[in-house]
Structures are given as structure tokens and as C-alpha cells.
Amino acid sequence: MPAVRFQNVSKVYQGTRGTLRALDDVSFQIEQGEFFGLLGPNGAGKTTLISILAGLARASGGSISVLGHDVVSDYAAARKVLGIVPQELVFDPFFNVRETLRIQSGYYGVKNNDAWIDELLANLGLADKAGANMRQLSGGMKRRVLVAQALVHRPPVIVLDEPTAGVDVELRQTLWQFVSRLNREGHTVLLTTHYLEEAEALCGRIGMLKLGKLVALDKTSALLAGRASTMLRFKTDQPLPAEIAAHARITGRIVQVKAHDAAEVEAMLATLRSAGVKVEDLEIGRADLEDVFLEIMQEGAAA
Amino acid sequence: MSGISLEGARPLFRKEILRFWKVAFQTVAAPVLTAVLYLLIFGHVLDKHVEALPGVGYTSFLVPGLVMMSVLQNAFANSSSSLVQSKITGNLVFLLVTPLSHWAWFVAYVGASVVRGLVVGSGVLLVTVWFAPLRLAEPWWIVIFAALGAGMMGSLGLIAGLWAEKFDQMAAFQNFIIMPMTFLSGVFYSVHSLPGAWQAVSHLNPFFYMIDGFRRGFFGVSDVSPLVSLCVVGAGFVVVSAVALRLLAIGYKIRH
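Residue numbers (our numbering), protein chains in the order written: chain A, 1 to 303; chain X, 1 to 256.
Keep in mind the hints are simulated off the structure, nothing from the lab. Incorrect hints may appear among the rest.
[Stated by the list, open to error] Label pairs and their computed distance ranges (CB to CB):
1) X:S5 / A:G186: 41 to 49 Å
2) X:Q199 / A:D74: 52 to 60 Å
3) A:E119 / X:S5: 48 to 56 Å
4) X:V143 / A:G140: 44 to 52 Å
5) X:H256 / A:G186: 27 to 35 Å
6) X:R246 / A:G109: 20 to 28 Å
7) A:E197 / X:F167: 54 to 62 Å
8) A:E119 / X:C231: 53 to 61 Å
9) X:A172 / A:E170: 41 to 49 Å
10) A:D74 / X:A197: 55 to 63 Å
11) X:I177 / A:R135: 27 to 35 Å
12) X:H256 / A:L217: 20 to 28 Å
Beta carbons: idealized from backbone N, C-alpha and C, even for Gly.
Based on the provided sequences and hints, a complete structural model is requested.
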């Protein structure tokens with residue numbers, strides 16, 4: 001039985017300016033024990049898909065099940081096995097950290113949960129904040145509490161919706177160590193993130209959404225191997241020849257161009273030399289997930 | 001899923017109680033003070049001139065109405081403000097992702113509203129005992145009407161909280177619907193003192209029956225039979241609760 005099964009999920013918003021198809025017939029499944037990454041640019045439908053999974057939104061068509069429980073017809077069972085870390089930094093200002101976690105445990109019917117709450121607090125670096133009111137916490141600390149809240153009932157399936165957006169390096173490390181440990185212990189993890197290096201490092205399999213459609217779904221290693229394997233990177237202050245500029249990704253002074261083999265690299269360098277472009281810090285490297293991501297996103301745009 | 005599941009209702013109920021109790025100065029003490037001010041001012045001005053019921057001084061007459069008004073307004077305020085705050089700040093998500101059924105939501109929110117209404121009402125009663133002799137002619141009506149009225153207002157607060165998207169919409173609901181209906185329900189007067197047409201209009205106001213039945217418990221006399229009031233308030237409670245439950249079940253304005 002898959003941990004999560006998305007079947008022909010679609011979501012249509014009827015607005016004053018017409019209809020918006022946020023999700024268009026999305027189908028895939030996540031197996032138990034997987035660390036799965038869901039990627040896509042803003043507006044691709046990632047959060048909509050997760051909202052439907054969590055019961056925060058309703059699908060216009062299709063269905064989702066968690067460990068075999070349909071999220072609509074068998075919502076109570078589905079939500080008991082699901083832990084969601086929401087994207088927005090929200091909190092209840094009336095309570096302190098421990099109260100917040102005890103209340104959340106109660107909603108899932110978990111009583112006398114203090115041992116696990118203490119373990120969560122320790123693992124997320126919150127042990128000294130248990131008595132602090134939610135209002136007094138910094139943004140990063142509030143984010144940790146959100147993660148703890150999602151885990152109070154020890155859900156076998158954990159969903160993290162951009163948990164590291166605007167989060168400092170230390171928390172990112174703490175969070176990934178903890179989530180990786182949970183994954184090793186058998187929890188299924190579904191992660192959406194904008195940090196592609198994170199997805200590359202953590203996720204065994206990746207799905208990419210674009211304009212509500214699933215445009216890629218494969219093992220992370222296969223996605224990296226199956227695409228342009230070599231990247232030529234250099235810095236320059238000068239304008240690039242048109243044939244290179246058309247394919248290049250330019251970030252400030254840094255230029256990155258895809259090359260399939262050594263001959264192509266040689267040809268490109270020759271073009272640059274003949275155009276009189278002065279190149280600094282030249283390096284040839286393996287394509288990373290960001291390159292693959294951009295390539296896939298651009299394919300759709302060209303089509 | 002079939003059947004009524006109340007799993008998780010108790011922690012939500014407890015959370016809702018804690019929520020108002022942590023700011024009791026604002027949610028309990030303030031409404032008690034308001035009611036006492038009404039009693040002092042209106043009682044002082046009118047006690048010598050008005051006899052609303054035969055043999056009952058105006059200040060004594062005023063006490064049950066003010067108590068019930070406080071019960072109703074605070075029961076409404078509890079569920080409505082809790083929901084609208086959670087919606088606007090976004091922390092309702094913590095509840096939306098849980099397995100709680102719509103019945104559990106209803107029982108917890110309305111239950112906490114009833115408790116807040118009764119706590120404030122008891123506070124008003126305790127303080128006003130100093131100003132007017134307390135009579136308890138038929139006390140069972142006091143309990144029945146306070147509980148039913150608070151339950152109906154807690155449910156109405158749930159509906160308003162689900163409907164409102166902004167604080168000013170909630171304020172409009174409170175100021176243009178709840179306030180006029182409670183004020184025009186006979187808190188400050190017996191409807192028998194009104195001209196015929198206004199008496200008839202008052203009988204269309206469900207709040208009138210709540211206050212009249214509640215007051216019956218104190219003085220043993222009422223404008224209409226307490227059984228009639230019980231039927232009206234009971235029917236009102238059932239209708240409002242059914243609407244609230246339905247809205248919760250479909251996730252009206254909370255599950256998109």
C-alpha cells in the first residue's frame with residue numbers, strides 16, 4: 001500500500017476573472033518510507049496539492065488517499081496518520097510552547113504525551129523554550145514549534161511545505177538531521193522546497209509540478225543522469241555571443257551553459273575566444289538539480 | 001463516515017475555556033462591570049418612577065434581564081471571536097488538519113460559549129445581589145433558559161465566526177443584529193408597557209422569550225407562558241444548531 005496516492009487530482013478555482021486550473025489531472029504515488037521531493041515554481045500548485053491532502057481544500061476532481069484512507073470519505077483515519085508542517089508561520093498567541101503541543105496532542109486523542117513532547121523539544125532545540133509564550137519566540141523558533149506540532153501524534157507520513165523558507169542555517173541543519181532520522185526510522189516524508197540543493201541532498205525521488213501539471217517524476221539520480229550532464233561555468237563582464245547567450249543561465253557575472261560532451265565545451269570556448277570575451281574562473285562541472293529543474297521548466301515554456 | 005464522533009472535542013473545549021480564562025479581565029470582569037453600570041444608572045434614575053411588574057421594584061426587575069443579556073452576549077462573543085481570530089491569524093489550520101468531526105467542533109465551541117455565558121451571568125448576579133433583593137420563585141426556569149439561550153447564542157456565534165472574514169464584519173453582526181435584538185427584547189421593560197403594535201413586534205423577537213422565560217424563574221410571573229417560551233427558544237436552538245452543524249460539515253469558508 002502506498003503512503004500517499006494522488007489519483008487524477010484536479011482543482012479549479014472559479015474567480016471573477018474566469019477559471020483558474022490550479023491542478024490538472026495530477027497522478028502519482030509515494031511509497032512507504034520514501035523521502036519524496038515535490039518541486040515547482042511559485043504558482044505551480046504544490047501548496048494546493050498539499051492543502052487537498054491535508055483537508056484544508058477540496059479537490060474539484062480525483063482523489064487522494066493516505067495509507068489507504070481516502071482524505072474525504074475517511075478523513076479522520078487519513079488525518080491521524082498525517083503530520084503537516086504548514087508553510088505560513090502561524091501560532092496561537094494565547095499559549096506557551098508546551099501548552100500548544102499538549103493541546104495539539106489532545107486533538108489526535110493522544111494523552112500523557114509529555115515524554116514525546118520533551119523529545120521533540122530537545123531534538124528541535126526548543127528545550128529551554130517550553131514555558132515561553134508563542135508571542136515571545138523569534139520566527140525561527142516559531143517554525144520549530146510548527147514542526148513539533150505536526151509530529152505530536154507520531155504520524156507515519158510527514159508533509160513539510162517549504163519548511164526552510166527564510167530559516168537560518170542552524171535550524172536548517174537541525175531540522176534536516178531530525179527529519180532524516182525520522183525517515184530512517186520508517187516515516188515517509190513529502191517535502192516541498194525552493195532550495196533545490198536540499199531536495200538533491202535529501203530526496204530519493206522527485207516530482208516536478210508546473211502550471212498544475214506533473215512534468216517530471218523520477219529518482220533524483222535518474223533525473224540528474226538523464227539530463228545534460230556537463231555544465232560550463234565562468235565569470236565575465238562582457239556581452240556574450242548570441243548563440244551562447246540564448247542557452248546560458250546568467251546570475252550577475254556568473255554564466256552557466258549546458259554542454260553534452262567535451263567537443264561541445266571546446267566549440268563554446270572557441271566561440272568565446274573568437275568573440276573576444278574575457279573569461280575568468282572557468283570550471284566544468286556536473287549538472288545539479290537546479291540545472292535539471294530549469295531545463296524542465298523551460299521545456300514547457302518553449303512548447 | 002457514519003455516526004457521531006466526539007473524539008477530540010474535550011481538548012478543544014478545554015482550549016476554548018483556557019482561551020477566555022487567560023484574559024478573564026477582558027472577557028469576564030469587563031462585561032460584569034458594564035452590566036453593573038447599567039443597573040446603577042437605570043436603577044437610580046427609574047427605581048422610584050417605574051413598577052415594571054406588580055410588587056417588584058425596578059432595580060429588582062432589571063437584574064434578571066441584565067444577567068440574561070450578559071449570558072447571551074458573552075456566549076455569542078466567545079465562539080464568534082475565537083473563530084474569527086483563528087481564521088484571520090491563520091492558526092485555525094492546527095484544528096483543520098486534525099481528525100475532529102464537525103460534531104466535535106460544534107460541541108466544543110458551543111460548550112465553551114455556554115460556560116463563558118454562565119460564568120459572566122453568575123458574576124453579574126453575584127454583584128447585583130448587593131443592590132436588589134434576590135427572589136428565586138421558580139429557579140429551574142433560570143437554569144433551563146440560561147443554558148438553552150447560551151447554547152443558541154454560542155451556535156449563532158459559530159455561524160457568524162464562519163461567515164465573517166474581517167473583524168469589522170463581525171462588529172457589524174454584533175452591533176446591528178445582536179445588540180438591537182437583545183436591547184429590544186424586554187431587558188429594560190416589560191413588553192406589557194409597550195403600545196400594541198410594538199408588543200406584537202416584540203413577540204417576533206426570539207430574545208424576548210429567552211429573557212421572559214429567564215425572568216419567570218425569579219419572580220414567578222412572565223409576559224407569556226414559560227412553556228411557550230421554552231418551545232420558541234428550544235426550536236430556535238435546534239434551527240441555529242442545525243445550520244451551524246451543516247456549515248461546519250461542508251467547511252463553509254474554512255475548507256476551500
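Can you tell me whether the CB distance of D74 of chain A to A197 of chain X sits inside 55 to 63 Å?
56 Å, holds
Given the hint of 27 to 35 Å, check if H256 of chain X and G186 of chain A actually sit that far apart at their C-beta atoms.
Check passed, 33 Å falls within 27 to 35 Å.
Look at the Cβ atoms of E119 of chain A and C231 of chain X and judge whether their distance stays inside 53 to 61 Å.
At 55 Å between Cβs, range holds.
Does 41 to 49 Å hold as the CB distance between S5 of chain X and G186 of chain A, or does it fail?
Between S5 of chain X and G186 of chain A, where Cβ atoms are some 28 Å apart, the hint is violated.
Determine whether the Cβ-Cβ distance between A172 of chain X and E170 of chain A falls within the hinted range of 41 to 49 Å.
47 Å, holds
Cβ distance range 27 to 35 Å for I177 of chain X and R135 of chain A, holds or violated:
32 Å, holds
Okay, R246 of chain X versus G109 of chain A on CB: inside 20 to 28 Å?
Given range 20 to 28 Å: holds, Cβ gap about 25 Å.
For E119 of chain A and S5 of chain X, compare the CB-CB distance with the range 48 to 56 Å and indicate the outcome.
At 29 Å between Cβs, range violated.
Just tell me: holds or violated, for the beta carbon distance of V143 of chain X and G140 of chain A against 44 to 52 Å?
51 Å, holds
Measuring from beta carbon to beta carbon, are E197 of chain A and F167 of chain X in 54 to 62 Å?
42 Å, violated
Assessment of proposed distance window 52 to 60 Å (beta carbons of Q199 of chain X, D74 of chain A):
54 Å, holds
Measuring from beta carbon to beta carbon, are H256 of chain X and L217 of chain A in 20 to 28 Å?
26 Å, holds
Checked against the numbered hints above, the structure breaks hints 1, 3, 7 and satisfies the rest.
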